[in-house]
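Student: Take these sequences, add in the hints, and give me the full structure.
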Amino acid sequence: MSESAASGPLALPPRESALSASPALHHQFEDIEQQHDAGNFGIWVFLATEMLFFGGVFTGYIIYRSLYYSGFAAGSHGLEIDLGAAMMFVLLASSFTMAMAVHAAREGKHRPLIGFLSVTIILGVAFLGMKFTEYFHKWQEHMVPGLNFHPALESLRGAPEHTVELFMCFYFFMTGLHALHMIIGIGLLTVMAILAWRGKIPRENYNRVEFSGLYWHFVDIIWIYLFPLLYLIGGRYK
Amino acid sequence: MSEQTPSVGTYILVFMALLVLAALTTGIAYVNLGPFNTVIALAIAVVKMSLVGLFFMHLWYSPGLNRIVVLAGFFWLALMVSFTLADVFTRSWINPPGP
Amino acid sequence: MSTAVAEVPVESRIHYLNADYGVKSWLFTTDHKRIALLYLGSITLMFFIGGAAAVMMRLHLIEPAGALVQPETYNKLFTMHGVVMVFFFLVPSIPATLGNFLVPMMIGARDLAFPRLNVLSWYVYITGAAFTLYALISGGVDTGWTFYTPLSSHYLNTHVIATALGVFITGFSSILTGLNFIVTIHKMRAPGMTWKRMPLFLWSMYATSIIFVLGTPVIAIALFLLGLERLFHVGIFDPAIGGDPILFQHLFWFYSHPAVYIMILPGMGVVSELVTCFSRKKPFGYIFIAYSSLAIAMISFFVWGHHMFVSGQSVYAGFIFSALSFAVAIPSAIKVFNWTATLYKGSISYQAPMLYALGFIGLFTMGGLTGLFLASLATDVHLHDTYFVIAHFHYIMVGGAVMAYLGGIHFWWPKITGRLYHDGWARFAALVIFVGFNLTFFPQYMLGYLGMPRRYAVYPAEFQVLNVMSSAGASILGVGYLIPFIYLLWSIRYGPIAGANPWGAKGLEWETPSPPPTDNFEEPPIAAEEPYGYAEPEHAHV
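Protein chains in written order, with this note's numbering: chain A, 588 to 825; chain B, -14 to 84; chain C, -18 to 523.
Do not rely on the hints blindly, as some may be mistaken.
Stated by the list, open to error - Away from chain B, derived, C-beta distances all over 10 Å, residues of chain A: (1) HIS613; (2) LEU715; (3) HIS749; (4) LEU775; (5) VAL778.
Claimed, not checked - With a straight-line Cα cutoff of 16 Å, these simulated EDC-like cross-link-like pairs (lysine to aspartate or glutamate) come out: (6) C:LYS263 <-> C:GLU511; (7) C:LYS168 <-> A:GLU620; (8) C:LYS263 <-> C:ASP1; (9) C:LYS168 <-> A:ASP618; (10) C:LYS168 <-> A:GLU667; (11) A:LYS718 <-> A:GLU667; (12) A:LYS718 <-> A:ASP669.
To be clear, the hints were calculated from the coordinates, so they are not data collected in a lab. C-beta atoms are modelled at their ideal positions from N, C-alpha and C, and glycine is treated no differently.
Tutor: This is how it looks when you write it as structure tokens:
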């Protein structure tokens, strides 16, 4: 069983093999390498399910944008591009700090790990703050479908009202689903930070931080698509 | 664990690139390029996604199986979108016989 | 083989059933074998609930004007029957019970890759079931299990959201199971076990897991959007606001068609194991059977529009979906040919599991062939939403999947419990089920062809004879399902001790005691041989 770990191109240094009896190794795995491999693969399979999950809403979006372009462009024009862009920058920064946190975990450096995790969390919370501010503005402008959708005539920009309402439906669904994933991510990273604070993320088994990172980057990638698809339809040159 | 991962320098470079691309996306929206606004915005999004995926998420350094999983996800997504669009766009091509 | 393992009496040996006692040791277990039994209990309960709805429907349909319930209640019965049977029985049936129990054992591992995710998947299943049962008790839902909009989103006052939420939540249980199987099969095979040395059951579990993982999220979104539309009175699927009700059907069927392959692929895997063991022969064309599972999983995602031929979907899209639906029949046919060729010149014995397997081959073939009538655009216009469709899918789901499930339960029962059941009663029950099944559903082909619509609480008088035949069959079928319930439970206490390998079968799971120890194997196994190493029939001995 541990012969495979002790030889070959992926050989672990000798002290790692002592860990085959350590509590960090779960009993169904032969060695820590297999455990890491399986966990890593598992997270990617999970991310593939998330691609299909968001994909369903993206499918609807693509269809209705093709059918009702003018309504979608009008609705998009009414979104606050400054906030959208700011959220983009914040998330990209949080992905950077997340990558640095994983790097610190791999090196076994606790203080940078906790530091980078904390900054990532703060950036995530900032994102949510901006998102809910935006939602509040939309509420004030009477642009929330199902609750108070009475748009001002000029905000329709000539498009039929129901098509703009459809756009706003997708806006709230897609960003809402994304925000839900952000909240889960922030919760996950908070748990990671607490575990790191308690010294439970050793250098030999930092899997949990790495896998949380993969989830976080995925949520960032969703925003990378949401930003142009929701905020930049038809450009802002008119 | 035993796989290679990017250096801090690589992370910083990728981050700079991402910031530039995000600024580019936003800036180009103010320029009238007609239908190309969308094309370019999406192309930039694909590049940003690739940078995050390959470097921040270590796909560049991961076993090929992980890349296959990602490609499978895209393929299935493309399947769902294309067949559904094929329906929506061809509905008006033929009218079924009326009463 | 079976003599290599010491025949210690069950009571004095520690195994997974007696390793720990108490409710907590079961509810908080991470042992895949115990989780399999937790699922077994839960889905059996759901099966009887769904079955009760069916009994009431068949009793009601004895008379053309309806004999039992109000039409609104009838609508709720067929909806709950569909929802419970599809999402809470058939989809998890073989994967969550036999799959959970056998995947680690057949692969030579101590457990699945993520045991805690495994027990979480059961908790999620139970939560989803609770929401759905709540909806049932509060008055039910009457949209049909397909939840078509805008009926479900705008025009009904029944418990749509509770039911949709129950299904949504349970979907995550499937995703977790599929994820677990995929990672386990890729990363935890025993030394020497290459992909081509895996039992065919594992190939079918892998293919099923691909569908779990890639399809289920889409129905989750479809139901999520449906719920939002109902709650906030917005209209993604509402034509009045420019929405498209067919979009819901696309999102719904993108999962639900592959879902029917989730329901049949594991059964096919079981049949491969049963046919080989009870013919004492290795499978004819192992690699074809293995790859056909993957082909079915893949092509199943290309055909969903065949449920929507008359919905308003584009005719051109219909052409494509129809052609692809013919294509998906091919890998299934390959399997049927290969099973038959495996039987040829085999040393066949007719114990209960084999009776179920043989029943499967015949009934699945009939059900599959009738699918081709439905896949053809022209005939589907007449057959859509008639009893022909119902007969078609019940031949596959019940004549196929449920029979394979029962065959698998009977085959691995000695391994799971360490006891043998009474084979005479088991064979009798299998025959009762076979007769009852055909009497129930064959008349429905005829009813559909003659034009009787599905989901109707009343029907024209000229259809009564066939309906009564079908209801009579249903009562026989119901009795048939109760019999195994009785003797299997009885055998746990009073059945003879089984020993490690009572069937003389090949496979790693048979090389460990029955019931297995908690870590499955006393020594970590090595897969040194090709699978299905049965001797040539002329030299075979049991």
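Student: Let me make sure I understand: some of the numbered hints might not hold for this structure. Which ones are they, in numerical order?
Tutor: 8, 10
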